[in-house]
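Novice: Residue strings, one per chain:
Protein chains: 2
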Amino acid sequence: MSEQGLGTNIVCQIAVVVKDIEKSKKVYSDIFGLPDPDVIITDLEVGKPMYKGQPTQARAKLAFFNMGQVSIELIEPIGEPSTWKDGLDEKGEGFHHIAFQIKDTDQVVAYLEGKGGTLVQQGHYTGGMYSYVDMTPQLGMVLELLENFD
Amino acid sequence: MSEQGLGTNIVCQIAVVVKDIEKSKKVYSDIFGLPDPDVIITDLEVGKPMYKGQPTQARAKLAFFNMGQVSIELIEPIGEPSTWKDGLDEKGEGFHHIAFQIKDTDQVVAYLEGKGGTLVQQGHYTGGMYSYVDMTPQLGMVLELLENFD
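Protein sequence lines correspond, in order, to chains A and B. Numbers in the numbering used here are just positions in the first sequence, counted from 1, shifted up by 1. Numbers in the numbering used here are just positions in the second sequence, counted from 1, shifted up by 1.
Hints listed in this document are in silico derivations from the structure and should not be mistaken for laboratory results. Computed from a predicted structure; not experimentally measured. Incorrect hints may have been included.
Same chains, same label: a pair holds when it works inside one copy or across any pair of copies.
Unchecked claim - List time: in silico SDA-like cross-link candidates among lysine to any residue, alpha-carbon distance up to 20 Å:
{"id": "1", "residue 1": "K92", "residue 2": "I41"}
{"id": "2", "residue 1": "K104", "residue 2": "I32"}
{"id": "3", "residue 1": "K92", "residue 2": "N149"}
{"id": "4", "residue 1": "K27", "residue 2": "G6"}
{"id": "5", "residue 1": "K86", "residue 2": "M142"}
{"id": "6", "residue 1": "K24", "residue 2": "K53"}
{"id": "7", "residue 1": "K20", "residue 2": "K92"}
{"id": "8", "residue 1": "K24", "residue 2": "P56"}
{"id": "9", "residue 1": "K53", "residue 2": "D90"}
{"id": "10", "residue 1": "K27", "residue 2": "I11"}
{"id": "11", "residue 1": "K92", "residue 2": "I79"}
{"id": "12", "residue 1": "K104", "residue 2": "K116"}
{"id": "13", "residue 1": "K86", "residue 2": "L63"}
{"id": "14", "residue 1": "K116", "residue 2": "L35"}
{"id": "15", "residue 1": "K104", "residue 2": "G48"}
{"id": "16", "residue 1": "K92", "residue 2": "L63"}
{"id": "17", "residue 1": "K27", "residue 2": "S72"}
{"id": "18", "residue 1": "K92", "residue 2": "Q139"}
{"id": "19", "residue 1": "K27", "residue 2": "P138"}
{"id": "20", "residue 1": "K62", "residue 2": "G95"}
{"id": "21", "residue 1": "K62", "residue 2": "L45"}
{"id": "22", "residue 1": "K116", "residue 2": "G95"}
{"id": "23", "residue 1": "K86", "residue 2": "D107"}
{"id": "24", "residue 1": "K27", "residue 2": "E114"}
{"id": "25", "residue 1": "K86", "residue 2": "Q55"}
{"id": "26", "residue 1": "K24", "residue 2": "D39"}
{"id": "27", "residue 1": "K92", "residue 2": "M136"}
{"id": "28", "residue 1": "K104", "residue 2": "F65"}
{"id": "29", "residue 1": "K20", "residue 2": "V47"}
All chains, full assembly: derive it from the sequences and hints.
Specialist: In C-alpha cells form, the structure reads like this:
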C-alpha cells in the first residue's frame, strides 16, 4: 500500500517563515505586484495541532499569494513548539516547505515514514487536515501534505 | 520602467542544492515516483558565468523533475565561487531559489535592484540567460530570472 506514493507530483504551495508577517506581506505584494492579502490566524479549537505526538498551543499567522499552480504562503509562528518556529530558529527567515494536495493522509504519511521521513506536526483546518513530514535527510526539506475532506 | 516588475508571477522552478546529485536524484525519483533524470553539466564556454561581477570557473551538475507548472531542479556545485556553493556552505543541502521566466533581463534586474536586491550571478545557457538576484533581506530567498532568446 505504501508503494502508492504521494499520489501526486503537483506542488501547490511554497512556504516561507517570517518574523513579521505584516511587514513581509507588504514587501511580497510590492515586489510581485500582487494584492496585499489578509492575514489568517490559525485556530487552536479547529486545528488541535499536535507536535511530535503531543498537543501544542502554537499557532501561526498566514498570508497567501497566488502564483499560478503554486501559492506562496507566508507563515509567522505564534508561540511554540511548532515546525514553523523550528524553521525560524534553525535557518532564520526563508523557505520552510513545499506542499502537496493528497487524498489519504494515513497512507501517504506511512509511505513517507517508510522512506525515512519523520511526522513532526499534524493538525486540522476548516474542511481538512495538514501533516508535516520532515524529509530533510532525504530531500533536504520538509513536505506538507494537505487533505481536503469531502 | 522599473515599475513593470517581473512581468510574471508564475514560479517555474524550485531549486535545491545538494552535495551528491547522483545520490539525491535517485532518492527524489524514488520518493516521488518520477523517472530518474539525466544529469546536465553546465558549460563554461556557453555559460560565461559571472559571480559578483567577476568571471568564475564554477560549474554545476543539474537534474530536473517535472512537477506540473513547477520543476524541481537539483544542483550540485562544481568548484567555486557560485551562488550554488554559497547556498550549500551557508545553509547545507536544501532549498536554494525559485525561478521565473522573464522577458527582459536588464529591466527586471534593475527593478529588483531598485527594491534592494543584489545581482550575485549571471550566465548563459543554450538559447538563453540566467540571473540570480539575492532578495534574502526582502523575501528571505534568492530569485532566479530565466530569459529565453527568440
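Novice: Take the hints in turn and mark each one as holding or not.
Specialist: Here is how each hint holds up against the structure:
1. K92 with I41: Result: close neither inside a copy nor across copies, 24 Å intra and 29 Å inter.
2. K104 with I32: between (34 Å within a copy, 17 Å between copies)
3. K92 with N149: neither (30 Å within a copy, 33 Å between copies)
4. K27 with G6: Result: close only across copies, 15 Å inter versus 38 Å intra.
5. K86 with M142: Classified as both; 15 Å inside a copy, 18 Å across copies.
6. K24 with K53: neither (30 Å within a copy, 29 Å between copies)
7. K20 with K92: Both ways: K20 and K92 sit 12 Å apart in one copy and 18 Å across, limit 20 Å.
8. K24 with P56: neither (30 Å within a copy, 36 Å between copies)
9. K53 with D90: For K53 and D90, only the intra-copy Cα distance (17 Å) is at most 20 Å; the inter-copy one is 29 Å.
10. K27 with I11: between (28 Å within a copy, 19 Å between copies)
11. K92 with I79: For K92 and I79, only the intra-copy Cα distance (17 Å) is at most 20 Å; the inter-copy one is 24 Å.
12. K104 with K116: within (19 Å within a copy, 40 Å between copies)
13. K86 with L63: within (13 Å within a copy, 32 Å between copies)
14. K116 with L35: between (38 Å within a copy, 15 Å between copies)
15. K104 with G48: Classified as within: same-chain Cα gap 19 Å, cross-chain 43 Å, threshold 20 Å.
16. K92 with L63: within (19 Å within a copy, 24 Å between copies)
17. K27 with S72: Result: close within a single copy only, 16 Å intra versus 27 Å inter.
18. K92 with Q139: both (18 Å within a copy, 16 Å between copies)
19. K27 with P138: Classified as between: cross-chain Cα gap 14 Å, same-chain 34 Å, threshold 20 Å.
20. K62 with G95: within (15 Å within a copy, 24 Å between copies)
21. K62 with L45: within (12 Å within a copy, 45 Å between copies)
22. K116 with G95: Between copies, since 17 Å is at most 20 Å while 26 Å is not.
23. K86 with D107: For K86 and D107, the Cα distance exceeds 20 Å both inside one copy (25 Å) and across copies (38 Å).
24. K27 with E114: This pair counts as between: shortest inter-copy Cα distance 17 Å, intra-copy 38 Å.
25. K86 with Q55: within (16 Å within a copy, 38 Å between copies)
26. K24 with D39: within (12 Å within a copy, 42 Å between copies)
27. K92 with M136: Result: close both inside a copy and across copies, 16 Å intra and 16 Å inter.
28. K104 with F65: neither (22 Å within a copy, 25 Å between copies)
29. K20 with V47: neither (24 Å within a copy, 41 Å between copies)
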